[in-house]
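**Student:** Take a look at the letters that make up each chain.
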Amino acid sequence: MEFLTTFVNGLSLGGIYAMIALGYTMVYGIAKMLNFAHGDIIMVGGYTVHTVLPFLAILLSGVYNPTVAIISSIIAIIAAMVFCMMLGIVVEKVAYKPLRGASPLAVLITAIGVSYLLQSLAQMIFGSAPKHVNIKALDFGILKIGGLAIGYNTIITLVCSILVMIALSLFVKFSKTGRAMVAVSEDKGAAQLMGINVNRIIMITFAIGSALAALASVFFLLKAPTMTPTFGSLPGIKAFTAAVIGGIGSIPGAMIGGILLGVIECFAQAVPAISPYTDAIEFSILIILLLVKPSGLLGKMRREKV
Amino acid sequence: MAEIKKIYAEDGREIVLKADHLCIQFGGLKAVDNVNLEIKKGELYGLIGPNGAGKTTVFNLLTGVYKPTLGRFYLCGEDLTGKAPAEMNKKGIARTFQNIRLFNNLTVIENVMVGLANQIPCNLVQSVLRLPRHRKSEKEYYERALELLKVFKLDEYKDYLAANLPYGKQRKLEIARAMATNPKLLLLDEPAAGMNPNETQELMDVISFIRKEFDITILLIEHDMRLVGGICEKLTVLNFGTELAVGETSEVLNNPEVIKAYIGE
Numbered sequence: 001m002e003f004l005t006t007f008v009n010g011l012s013l014g015g016i017y018a019m020i021a022l023g024y025t026m027v028y029g030i031a032k033m034l035n036f037a038h039g040d041i042i043m044v045g046g047y048t049v050h051t052v053l054p055f056l057a058i059l060l061s062g063v064y065n066p067t068v069a070i071i072s073s074i075i076a077i078i079a080a081m082v083f084c085m086m087l088g089i090v091v092e093k094v095a096y097k098p099l100r101g102a103s104p105l106a107v108l109i110t111a112i113g114v115s116y117l118l119q120s121l122a123q124m125i126f127g128s129a130p131k132h133v134n135i136k137a138l139d140f141g142i143l144k145i146g147g148l149a150i151g152y153n154t155i156i157t158l159v160c161s162i163l164v165m166i167a168l169s170l171f172v173k174f175s176k177t178g179r180a181m182v183a184v185s186e187d188k189g190a191a192q193l194m195g196i197n198v199n200r201i202i203m204i205t206f207a208i209g210s211a212l213a214a215l216a217s218v219f220f221l222l223k224a225p226t227m228t229p230t231f232g233s234l235p236g237i238k239a240f241t242a243a244v245i246g247g248i249g250s251i252p253g254a255m256i257g258g259i260l261l262g263v264i265e266c267f268a269q270a271v272p273a274i275s276p277y278t279d280a281i282e283f284s285i286l287i288i289l290l291l292v293k294p295s296g297l298l299g300k301m302r303r304e305k306v
Numbered sequence: 307m308a309e310i311k312k313i314y315a316e317d318g319r320e321i322v323l324k325a326d327h328l329c330i331q332f333g334g335l336k337a338v339d340n341v342n343l344e345i346k347k348g349e350l351y352g353l354i355g356p357n358g359a360g361k362t363t364v365f366n367l368l369t370g371v372y373k374p375t376l377g378r379f380y381l382c383g384e385d386l387t388g389k390a391p392a393e394m395n396k397k398g399i400a401r402t403f404q405n406i407r408l409f410n411n412l413t414v415i416e417n418v419m420v421g422l423a424n425q426i427p428c429n430l431v432q433s434v435l436r437l438p439r440h441r442k443s444e445k446e447y448y449e450r451a452l453e454l455l456k457v458f459k460l461d462e463y464k465d466y467l468a469a470n471l472p473y474g475k476q477r478k479l480e481i482a483r484a485m486a487t488n489p490k491l492l493l494l495d496e497p498a499a500g501m502n503p504n505e506t507q508e509l510m511d512v513i514s515f516i517r518k519e520f521d522i523t524i525l526l527i528e529h530d531m532r533l534v535g536g537i538c539e540k541l542t543v544l545n546f547g548t549e550l551a552v553g554e555t556s557e558v559l560n561n562p563e564v565i566k567a568y569i570g571e
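Protein sequence lines correspond, in order, to chains A and B. Our numbering puts the first sequence at residues 1 to 306. Our numbering puts the second sequence at residues 307 to 571.
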């Protein structure tokens, strides 16, 4: 029973990692850059919820009841997604777009710069002390079936992340913009010559990735309701690891990598003897996998023609 | 919006592409030096020359991949010099590539659907929310793409990944994808490269067919003299980036200068 509980928790955590990993992998696939500021978008999403929730509570204080509370939480989540979406677009326009065609190293260091900028801004605005961001209305308690005890939030997280992944896959496969994304990721030059506005596709990619990061932050807050300016770093790095394990640039790869990493993390934490080494185990798996399969699980090997 | 003034040849036919004194310099190298083109509507125009003569560079200038150092060019009278590649395509210039550049992770029909992207209106919000408008436009994409594939006799391969098509069919698919963008001028970069004689013959038939069917103007780079002599009406011969000869195909191919550049003395 404990095995099953851990497994479901792992799937749920993996779903969150997958959502963040999707942002990394899509941006890499389409703009051919590693957006290391992606993790900090998660943090911005958390602080947006933190800011919007009390505001809504005051606004709706006259009619406050549990249903209104749930609705206002959902509004806060949507607000966070929209805000992060806009932030993602602004960051891309201001920091990355001028560097199109510059060396990958310049873009990489800029991304790291943006990451620190966002962290410092958050620290200036909200201070470095941890903030308690409790989305109380969305805490539905624990589901007990026999010996199985799983938080409803875990299930909600799992279901939502699966829905998001299905929706994204459908979007990429069955829409004009989705096909254009695949085309751009494969051959930017040829795509342009077919009339595709590459800048627009890159913008949309950043917008989608950032919205998913904001959603991920909400699910993290449901697990542990604390927010600090550096909150996004570790999940960001782990999701990046997940994207690389799955094969960076591959959308199904990011999903599989994320879920794999989440399950491994939960099982490692469940065994007292190895739980202090959870992070080390996760990153070791990355190193071992890259030794065996350098392109990741679903990544494509690029063979140089001789 | 710049003024569009249609240009007509002496015989009254519209000139689709007019290039004046196109030059591009990479460092000290003049890759293309003072090239002029005048292609009439419906014409099949050949651009030939030895390796390194600057033929593909001319294509890259006309599609906005490079910006000319000097000179201008006009599509149906509209000055397109210096526009970005996506913009060139929207204005009506489409091309294929010397080394095939299909979208290998998309299926055959999806490749054509990418080409159709600017032809059928449907915005992002509609597709994210999967509104009826999205479904309708998706259906329309699919049907128009299928129609085009039928013209190129590729419809039975529609669900293959582009990478898995045989070589000759990949070349045809590239032309189909370019045609999907509804161009006024189609640029074909060595369409017969690497094809066997049968495939070349088939390609010539396809080219003649689309000329009739779509009323399109074609500029073609080619090494296969049989193909050039067989279908091109006029030729420009480039050598070291400059024009060596211009004129009717039969005339140009018998020009001693041209023979010298190609075969040596």
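Rather than coming from a laboratory, the hints here were simulated on the basis of the structure. All C-beta atoms, glycine included, are put in the ideal place defined by N, C-alpha and C. Just to be clear, a hint being listed does not mean it is correct.
What the hints assert, rightly or not - Only some residues are given here: those of chain A computed to face chain B with a beta carbon under 8 Å: (1) Glu186; (2) Leu193; (3) Gly195; (4) Leu290.
Said to hold, decoys possible - In silico PhoX-like links for lysine-lysine, alpha-carbon gap of 25 Å or less: (5) A/Lys223 <-> A/Lys93; (6) B/Lys518 <-> B/Lys396; (7) B/Lys540 <-> A/Lys173; (8) B/Lys459 <-> B/Lys518; (9) B/Lys389 <-> B/Lys347; (10) B/Lys336 <-> B/Lys347; (11) B/Lys445 <-> B/Lys464; (12) B/Lys540 <-> A/Lys188; (13) A/Lys223 <-> A/Lys144; (14) B/Lys459 <-> B/Lys312; (15) A/Lys173 <-> B/Lys475; (16) A/Lys97 <-> B/Lys373; (17) A/Lys173 <-> B/Lys464; (18) B/Lys389 <-> A/Lys173; (19) B/Lys490 <-> B/Lys397; (20) A/Lys300 <-> B/Lys347; (21) B/Lys442 <-> B/Lys456; (22) B/Lys312 <-> B/Lys490; (23) A/Lys188 <-> B/Lys518; (24) B/Lys445 <-> A/Lys300; (25) B/Lys464 <-> A/Lys188; (26) B/Lys518 <-> B/Lys397; (27) B/Lys540 <-> B/Lys518; (28) B/Lys312 <-> B/Lys336; (29) A/Lys131 <-> A/Lys188; (30) B/Lys389 <-> A/Lys97; (31) A/Lys93 <-> B/Lys373; (32) A/Lys173 <-> B/Lys456; (33) B/Lys346 <-> B/Lys518; (34) A/Lys93 <-> B/Lys396; (35) A/Lys188 <-> B/Lys396; (36) B/Lys312 <-> A/Lys32; (37) A/Lys93 <-> B/Lys389; (38) B/Lys347 <-> A/Lys188; (39) B/Lys442 <-> B/Lys475; (40) B/Lys490 <-> B/Lys311.
**Student:** Which constraints among the numbered hints does this structure fail? Numbers only, ascending.
**Tutor:** 4, 5, 7, 10, 12, 14, 18, 20, 23, 24, 28, 29, 36, 38, 39
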